[in-house]
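Produce the entire structure from the sequences given, and follow the hints as far as they go.
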Amino acid sequence: MKVKLTLEYDGTNYCGWQVQPNGNTVQAELEKALFSLTGEKISVTGSGRTDSGVHAKGQVASFSVGAENIPAERYAPALNALLPKDIRALKSGRAAEDFDARRSARKKTYRYTFYVSATERPLYMRYAAKSRPLDLEKMRRAAAYFVGEKDFASFCAADSAVKSTVRRIYFAEVEAEGELVFFTVCGSGFLYNMVRIMAGLLAEVGEGKIPPERVKGILEEKKRCEGKTAPAAGLCLLGVEYD
1 MKVKLTLEYD
11 GTNYCGWQVQ
21 PNGNTVQAEL
31 EKALFSLTGE
41 KISVTGSGRT
51 DSGVHAKGQV
61 ASFSVGAENI
71 PAERYAPALN
81 ALLPKDIRAL
91 KSGRAAEDFD
101 ARRSARKKTY
111 RYTFYVSATE
121 RPLYMRYAAK
131 SRPLDLEKMR
141 RAAAYFVGEK
151 DFASFCAADS
161 AVKSTVRRIY
171 FAEVEAEGEL
181 VFFTVCGSGF
191 LYNMVRIMAG
201 LLAEVGEGKI
211 PPERVKGILE
221 EKKRCEGKTA
231 PAAGLCLLGV
241 EYD
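Heads up: the sequence shown begins at 1 in the working numbering, then just goes up one per residue.
Don't take every hint at face value.
Claimed, not checked - Once the Cα atoms are required to be at most 27 Å apart in a straight line, the calculated DSS-like pairs of lysine-lysine come out as:
hint, residue 1, residue 2
1, Lys2, Lys32
2, Lys228, Lys150
3, Lys216, Lys130
4, Lys150, Lys222
The hints are simulated quantities; they were obtained by calculation from the structure and are not laboratory data. Quick caveat: nothing in here was measured; it's all calculated off a predicted structure.
Take a look at the structure:
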């Protein structure tokens with residue numbers, strides 16, 4: 001039986017999604033809980049490998065289980081009794097046997113959050129990055145250059161090895177709510193550190209260090225751009241869309 005899970009987690013205490021030899025991960029906790037529940041060693045596939053410290057509101061995972069004594073929709077509550085409190089299965093259900101959380105994904109939406117403050121704010125710092133005052137209109141003009149099918153080699157970690165750096169961005173929006181500034185981006189997929197590099201560059205645009213039009217040139221150069229990689233704490237995977 002193939003099961004599809006939707007997960008929410010606070011990534012602060014984890015070394016990302018993917019299982020690693022040294023360091024606890026979300027995938028490792030999930031597979032440990034599944035073993036306790038079923039007695040089977042189950043490999044879980046996530047829609048994407050969120051980095052160390054990155055959060056998720058709508059991460060999707062899939063796995064195959066031999067026994068069918070537990071209905072697919074009961075996996076979420078059953079797992080929540082075994083998972084750490086900072087990881088929760090929001091819902092579960094049966095999926096087609098060829099469903100794969102990563103390969104079947106069509107769109108992913110991420111949100112990066114800044115908080116504008118002169119000093120660190122304890123109630124924001126786990127989920128947002130501190131920033132100076134930001135010019136939202138400049139950031140919106142800069143973000144518009146991301147939209148479309150483009151080569152994002154300039155927005156990929158230098159040590160990343162991928163076959164293609166071309167991705168399609170469906171929308172890239174900048175909004176504010178009080179002291180918080182949100183950069184929300186939806187795409188066909190994202191390169192390693194891509195959203196954090198985009199957010200770091202937008203912050204520099206918002207602070208007046210780089211003109212919005214510079215983003216167009218950076219994309220055309222197709223090499224790791226000069227922008228900083230924004231801290232992991234501000235990034236959250238909002239959701240994943242499938243056919």
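message: Just to be careful, I want the Cα atoms of Lys216 and Lys130 compared with a cutoff of 27 Å; is the pair within it?
response: OK: Lys216 and Lys130 at ~26 Å, within 27 Å.
message: Please verify whether Lys2 and Lys32 have alpha carbons no more than 27 Å apart.
response: Measuring from Cα to Cα gives roughly 18 Å; hence the hint holds.
message: Does Lys222 sit within 27 Å of Lys150, going by the straight-line distance between their CA atoms?
response: 10 Å, holds
Pair hint Lys228 and Lys150, alpha-carbon separation not exceeding 27 Å: Holds: Lys228 and Lys150 sit about 20 Å apart, inside 27 Å.
Violated hints for the displayed structure: none, as all numbered hints are satisfied.
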